[in-house]
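Could you build the full structure based on these sequences and the hints that come with them?
Protein chains: 2
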Amino acid sequence: MKSISHQEILDFEQRYRATFINSIGGFKSLVLIGTQSKSGNTNLAIFNSYFHIGANPPLFGIIVRPDSVERHSLSNILETGEFSVNHVKKDFYKQAHQTSARYPSITSEFNACGLNEEFHPGFYAPFVKESSIKIHAQLKQKLEIEANGTIMIIAKINHIFLPENCLLNDGFVDLESAGTITCSGLDSYHLTKKIGRLSYAKPDKLPDLVF
Amino acid sequence: MKSISHQEILDFEQRYRATFINSIGGFKSLVLIGTQSKSGNTNLAIFNSYFHIGANPPLFGIIVRPDSVERHSLSNILETGEFSVNHVKKDFYKQAHQTSARYPSITSEFNACGLNEEFHPGFYAPFVKESSIKIHAQLKQKLEIEANGTIMIIAKINHIFLPENCLLNDGFVDLESAGTITCSGLDSYHLTKKIGRLSYAKPDKLPDLVF
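Protein sequences, first through last, are from chains A and V. Position in the first sequence (first residue = 1) + 42 = the numbering used here. Position in the second sequence (first residue = 1) + 42 = the numbering used here.
In case anyone wonders, no lab produced these hints; they're calculated from the structure. Incorrect hints may appear among the rest.
Any copy will do: because identical chains look the same in the list, a pair fits if it lies in one copy or spans two.
[What the hints assert, rightly or not] Mimicking BS3-like on lysine-lysine, the simulated pairs with C-alpha atoms at most 30 Å apart in a straight line are:
| no. | residue 1 | residue 2 |
| --- | --- | --- |
| 1 | K236 | K136 |
| 2 | K132 | K235 |
| 3 | K80 | K247 |
| 4 | K136 | K171 |
| 5 | K247 | K171 |
| 6 | K131 | K235 |
| 7 | K80 | K171 |
Structure (structure tokens):
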């Protein structure tokens, strides 16, 4: 067992530390955020910080580092109040990763990385045609995290597109049948293999496998 | 392709909606949060909302719903300013899930669910003996999310314990070799299978598989 103190983490070389701390928290949600500026430039960026906040109303959060390539997404979200969230599949994970390159703001990562825009009536933000699960989101709150100056975007789920067969009878979305993959660290991509779903936990008995 | 509006989500039956919205965002980090009250009661609760905030200083966040079983963890964190974060392995995922049952506050989920406490000198919060990756965390900031009254805990990574062989030369933590699993929705558990790690993305070329 290796033991690493806070001071040792601070003393790590910068790139080593970023790789280490980004991977230590476990597997992460992997999504492409699609936006469009008021002047009509589309933008696409990979994020691994989507987190659930609540179901009623349906809310989630993402973390944006303002000094990174994510700054174009952030300014478009603040300008238009909306964005899309698109799941990543194995077929196009290299293109998804490529959106993290530092392109100029007028370059659309859709074209530059080989992914296709998809528009839906009533929504200004572009979706990713290749994704099977797509969410339209509306900006709800912007918070600054004092400790390091990163921005947290709290958003409302406005609309969802998903393949019919992924939505099970109890509302569960079968991500494996949708082809959704996961990631770890800054650059590692993973398929998943279901172990099982467990019954609702009650104090008097251990959970059963239900599916 | 199924299309679901915001109003349709609001109209879903409560349990169906919770299952749906909890699973729509992709795979999630799965951890057990260990705490101890000032009076000495230990507590263990499963969370799937760990998200990375920054590497320098090393910071992360978790979401706590104050009306859930997570309220005991929250009050211990606020009381003592510290907690542990422990990865979940396939060997004990049923015990981990069982910590979500509504036990009385004096019951320790360690005993009730069949997991063992581990203490390390200098840290008051209990760790999970069965976990291979363990983080000691210190409360940094508590934020309330206006939109639904949930609490966000921002914490500093204070210390990390992990198996020697999981830490690769560039700082990457190989979660698969540590046995860490992932989850989706409220009750679905998954192993992962690495597709690959990609090189740092640059505008002029597509990424390569590096590992």
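Which hint numbers doesn't this structure obey?
-> Violated hints: none; all satisfied.
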